[in-house]
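Colleague: We have chain A; now place chain B onto it with these hints.
2 protein chains.
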Amino acid sequence: MTAENESTAEDGKREDEDDNELVFGLSDRFIDAVRNALRENNHAKVLEELQDLGEADTAELISKLNDDDRAALLKDFSEKMDPYVFSELSWELRRVVLPELPPKQIAAIISELESDDALDMIQSLDDEDFKHDIIRHLSAKTRLTLEEGMSFPEDSAGRLMQREFVAIPQFWTVGKTIDYLRAAAEELPEDFFDVFVIDPSYHITGTVPLNRLIRASRGEKVDALKLEDVHTIPFNMDQEEVAQLFRRENLTSAPVVDAEDRLIGVITIDDIVDVIDEEAQEDMLKLGGVEQDDLYQAVVSTSMARSRWLFINLFTAIMAASVVSLFSGTIEKVVALAALMPIVAGMGGNAGTQTLAVIVRAIAVRELSGANAPRAVYKEALVGLLNGIVFSILIGGMIALWYQNPMLGGVIGMAMIVNLIMAGTFGALIPILLNKYGQDPAIASSIFLTTVTDVTGFFAFLGLATIFLL
Amino acid sequence: MTAENESTAEDGKREDEDDNELVFGLSDRFIDAVRNALRENNHAKVLEELQDLGEADTAELISKLNDDDRAALLKDFSEKMDPYVFSELSWELRRVVLPELPPKQIAAIISELESDDALDMIQSLDDEDFKHDIIRHLSAKTRLTLEEGMSFPEDSAGRLMQREFVAIPQFWTVGKTIDYLRAAAEELPEDFFDVFVIDPSYHITGTVPLNRLIRASRGEKVDALKLEDVHTIPFNMDQEEVAQLFRRENLTSAPVVDAEDRLIGVITIDDIVDVIDEEAQEDMLKLGGVEQDDLYQAVVSTSMARSRWLFINLFTAIMAASVVSLFSGTIEKVVALAALMPIVAGMGGNAGTQTLAVIVRAIAVRELSGANAPRAVYKEALVGLLNGIVFSILIGGMIALWYQNPMLGGVIGMAMIVNLIMAGTFGALIPILLNKYGQDPAIASSIFLTTVTDVTGFFAFLGLATIFLL
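Chains as they are written, first to last, in numbering that gives the first Met the number 0: chain A, 0 to 469; chain B, 0 to 469.
Think of the hints as simulated: they come from the structure by calculation, not from any bench.
Wrong hints could be hidden among the right ones.
Identical copies go unnamed one by one, so any copy, or any two together, can satisfy a pair.
Using 20 Å as the maximum straight-line C-alpha spacing, the simulated SDA-like pairs for lysine to any residue come out as follows [said to hold, decoys possible]:
#1 435 to 27
#2 435 to 24
#3 79 to 42
#4 332 to 320
#5 435 to 26
#6 332 to 469
#7 175 to 214
#8 220 to 181
#9 130 to 114
Just so we're clear, the structure is a prediction, and the values are computed from it rather than from any experiment.
Excised from the complex, chain A in its bound form (with noise of 0.2 Å):
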């Protein structure tokens, strides 16, 4: 890593900037003065340029060209880059970017990587004969490490985990453990906050904090220094869950054991950042109906992964139109109906969305269970109850002094306290049902909550149309 470089590249950087105030980061005009030098193919220019970078500045960069110009880049500098800089990546950008660099060179650069970052680099890709084409490339030590790494669940802790670690016996002393760290320094990851202290079998019975360790006197033993309320986390459990474990317990790091409880590898919290950052945008996107970042994928592979979401609404459409298509003969006679209609269709759809934020939020922080789920159903029942006398008195009021129709006001008005309090109700039960049944509460709920709030509203205000105003 180039971090001595950083300073003097910020300041560098900073230079150009007197319009916006970016304190990190790349301004729009260094884009720009390398982008004129790429393709005025002034070499020595680019290469300045990139003297300056730190990782997370270079991978900004690869993010922010287009398709050509990025491709210029990773054709001529890629070789001179620091294997971080690819590390830095997002994956769905990593897949855009690593096929366009050489097997080998790839595998040159997951073989700098330390263990976590090398599982990370070749999980992120997704197509398999290019993975196989990078992996006969490693050497036979990495390449078992990845594998048994690969041999781990999908999104599991012996993913994230890293493989290098502090162990020491348990009838060290302090001074022993120093000068053990000092010995070994050259085999010990490059950072660690704890010494993990392990019986015989490799069975954790304690940890060490740094800083507890560093204030101890040399005489004293691990064994008495040793914090015993260890959080071990098995190798399998969910990153998500993993995550919830560090939040809860406000942890910095956890060791990871096997089947038999044995030390195989330690996380640590800047791992779960990763993971909190990753499920968090997960969940903006499947609200909004996206399965999966698309910034960087193409416009034709982006345009068919969205239309999957696009065609299950066009159904969910389709059957709203039809309860509209049963009433043609009421709005036929009251063509100011048309009209209306999706007032009710759309406030009943925003008042679920605003329930369904709230729920979904609850249950990915784990704030609502089986304990208190009926508490929040009733209470947006409640809350749709009472918004719904507010908006039917505003627009049962508008709508009849508009049409100067009494009648249509109270319409739209009985139709509007139905539609909310539906849209209170099932914004809620609905993300609580998909959860208890196992289902991600973010992606589906949307589709099925407008449904509701759509034929609802149309059939409640139609439906009361034709019996009061025919």
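Modeller: Then chain B, alone, in the frame of chain A:
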């Protein structure tokens, strides 16, 4: 903290859980047991259950009881709870829970927290009088520290940082540093990962991670050992920026400096996890049209807060309705249009929401800036065009067959293409422009977008119908 109890506590809880596989957290059955004991006024039983719980467990219990049971629990048992239980509660929940305790008791809780947690506790309250009552009961020293903390801008690094840190002069040796850490053990923060090296005027000249310190020999100078690429954080940097910097540079801790560049505190990665969670949840709620989490709020205040958003939505719905009423004459003649028009508007809304989710995410994680934004808008318009063509053939064909009217199929198909192009273009453009002009793209984007897709959908469909079908 009662950390040593936790492993036994977890075993105890797990006995209850034969059916669901909780690895941590409370089972619904456990919560029911406590609730029943509370209702039966069985103090001994409640106390026994509480004794086994860690802070996060007790906080979970508080969060999952209903208002009455929660009040009963707090009334009789809050004084026996660890102060950090209250730190574990979300801000939202603290605003419900803390006002039920006497100010004097909250002052006692705050006095036992570390400086950053104490500041967080007082910040989370929104009732100024209540806050004032609490502060009155604090010792002069705690009060001063808190008031100083409150003087930093809201959501800034100054509010986030911990005041306790380890700083040493640059001329010290490793041995002297270790001796100091041993001697000063009482005054040091409970956990720390780095030692800061400062000059006489409290400017940072470097940091020494503990694992580097422990591996060095006693005679070495810290000045030679220190890492110089320190990412210092100005006290007024926004917490979202701070989180971004931590992610980008993979930091575990970073020093905070005042306007004169003097070291005043330290931010560690566990604080960052909270910030990331908070920001991600906020974005998710805002995209759903909820300004603040209201899971624990009462029905009336929830419905009032949410009605603001629905009120804005009502106006845009009325706007869309008036577009429809422009075409009453057309609908009167071809009543099928009334049933079909929500399909066009709805598909536009859904496609636009997909784009919105992708773009808002990319802005939040800084993958989008001026350099690649125009490209993103262009791509989304193309994706809209492509999906528009696909769905225009699909829906156009279906409608042509269904109604035996090829012209009607052609009209809905054309309207679909127009609306999906608009959805893609504005789904990208709206958040990018909001962000450019300093507005939060998560909150207002969806309302603008629905207005565009509704108005365009109705106008294109009914307008084309008026031209081609009458």
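Colleague: For each hint, tell me whether it holds in the structure or not.
Modeller: To see whether the hints hold, each was checked on the structure:
{"no.": "1", "hint": "435 to 27", "result": "between (47 Å within a copy, 13 Å between copies)"}
{"no.": "2", "hint": "435 to 24", "result": "between (42 Å within a copy, 16 Å between copies)"}
{"no.": "3", "hint": "79 to 42", "result": "within (12 Å within a copy, 69 Å between copies)"}
{"no.": "4", "hint": "332 to 320", "result": "both (18 Å within a copy, 18 Å between copies)"}
{"no.": "5", "hint": "435 to 26", "result": "between (46 Å within a copy, 14 Å between copies)"}
{"no.": "6", "hint": "332 to 469", "result": "both (8 Å within a copy, 19 Å between copies)"}
{"no.": "7", "hint": "175 to 214", "result": "both (15 Å within a copy, 12 Å between copies)"}
{"no.": "8", "hint": "220 to 181", "result": "both (18 Å within a copy, 16 Å between copies)"}
{"no.": "9", "hint": "130 to 114", "result": "within (17 Å within a copy, 49 Å between copies)"}
The structure meets every hint from the earlier list without exception.
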